[in-house]
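Model the placement of chain U on the given structure of chain W, informed by the hints.
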Amino acid sequence: MIDSIKDKVKVLLETGEIEGFLGLVRKNGHVAPHLFQKGEELDDMSLGDHKGSGDARYPLNKYLMNIAKAYPEATFGVLVRGCDDRGLQALYTWNQLNPKKVVAVGLACPQELADACECLQPYPADITAGERAEPGESKSVAAVDALVLSERFSYWMDEFVKCIKCYGCSNVCPMCFCNECSLKCDDLVKNGELPPEIPVFHHTRAMHMVGRCVDCGLCEEACPSGIPLRTLYKKVGSIMEEAFDFKAGYIRGQRSPLNKLDSVEGKE
Amino acid sequence: MTVLKEMLEFSGIEEKRLKASWVSSAEAPELVHEFDTFIEELRNLGPSPLKSDYRRELA
Numbered sequence: 001m002i003d004s005i006k007d008k009v010k011v012l013l014e015t016g017e018i019e020g021f022l023g024l025v026r027k028n029g030h031v032a033p034h035l036f037q038k039g040e041e042l043d044d045m046s047l048g049d050h051k052g053s054g055d056a057r058y059p060l061n062k063y064l065m066n067i068a069k070a071y072p073e074a075t076f077g078v079l080v081r082g083c084d085d086r087g088l089q090a091l092y093t094w095n096q097l098n099p100k101k102v103v104a105v106g107l108a109c110p111q112e113l114a115d116a117c118e119c120l121q122p123y124p125a126d127i128t129a130g131e132r133a134e135p136g137e138s139k140s141v142a143a144v145d146a147l148v149l150s151e152r153f154s155y156w157m158d159e160f161v162k163c164i165k166c167y168g169c170s171n172v173c174p175m176c177f178c179n180e181c182s183l184k185c186d187d188l189v190k191n192g193e194l195p196p197e198i199p200v201f202h203h204t205r206a207m208h209m210v211g212r213c214v215d216c217g218l219c220e221e222a223c224p225s226g227i228p229l230r231t232l233y234k235k236v237g238s239i240m241e242e243a244f245d246f247k248a249g250y251i252r253g254q255r256s257p258l259n260k261l262d263s264v265e266g267k268e
Numbered sequence: 001m002t003v004l005k006e007m008l009e010f011s012g013i014e015e016k017r018l019k020a021s022w023v024s025s026a027e028a029p030e031l032v033h034e035f036d037t038f039i040e041e042l043r044n045l046g047p048s049p050l051k052s053d054y055r056r057e058l059a
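So the sequences go chain by chain: W and U.
For the first sequence, this note's numbering begins at 1 and goes up steadily by one.
For the second sequence, this note's numbering begins at 1 and goes up steadily by one.
None of these hints come from the bench; they were simulated from the model.
C-beta: ideal position from N, C-alpha, C; glycine also.
In silico BS3-like pairs for lysine-lysine, Cα to Cα no more than 25 Å straight-line:
1. Lys184(W) to Lys165(W)
2. Lys27(W) to Lys38(W)
3. Lys100(W) to Lys8(W)
4. Lys51(U) to Lys165(W)
5. Lys19(U) to Lys260(W)
6. Lys6(W) to Lys51(W)
7. Lys69(W) to Lys184(W)
8. Lys5(U) to Lys139(W)
9. Lys162(W) to Lys51(U)
10. Lys6(W) to Lys100(W)
11. Lys260(W) to Lys5(U)
12. Lys190(W) to Lys51(U)
13. Lys8(W) to Lys101(W)
Sample of chain W residues with no beta-carbon within 10 Å of chain U, all distances over it, derived:
14. Leu35
15. Tyr63
16. Tyr71
17. Thr93
18. Gly136
19. Val172
20. Ile251
The shape of chain W in the complex, shown without the other chains (with noise of 0.2 Å):
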């Protein structure tokens, strides 16, 4: 699989359609995102499985957005799965990227990470290697649904609780791409206080991430106290879909109905 990888990536380098390859090496045991310049480098390439199958992925998005900002001019390649490719389209719509300075090269997922993922597309559009699995089914967020409501307050007040305000969920997120983060404004999350205010804190990402999440869940796994971020965030992803009939990143150029200033139907 990693070789049709390899082997277009090897093209793309020699034709001089990509400057450079954004993709995972694994170098001392380790994988991590390495920019590919040159065919001989390619030997190293991970697909982001470490132990497991996918458990060391990364928001090779965001990576893309700071090399495309410092050489406007190039074009790149990356490598995406299902999820890094909705970010793509939404971070074109966002135009956060040039849609015409980079060469997305596809990775569909395994059936077992689909379902891990509770993944609804887990492939690009354009696949490269590996075959589309069935879309995972969604028990995290039915779980709490089930829930009656004051279960449901414990449930999220026992999760927020362990919040240690690291910041690993923004920062690792590829949708998240704000200058100036509302999570990091001292006026309205103190500085020095732990856990911040819960559920506020928490929340207050959760709606910054409607029609933005595209459903990668690097946030969960960064997260050092294991709060069900993706959980929260899935939830909100359903709200719109089902009151606006909207995905991030499903289709390009499509803008979330609350980044729009003219009236949607009916609706607020």
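Okay, now just chain U, sitting in the frame of chain W:
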């Protein structure tokens, strides 16, 4: 508002506790009416779970 209310319900806070009304500053009686009605609704809902939750004082 739709999203915020549903998210609050999901997180265990009754969505009725959040209300958005549009009242002109020239409509004082209407504003007072909005307040009175909402305060009544909130009284009927009882104390907010956020008020009595001991975890807020853990820091």
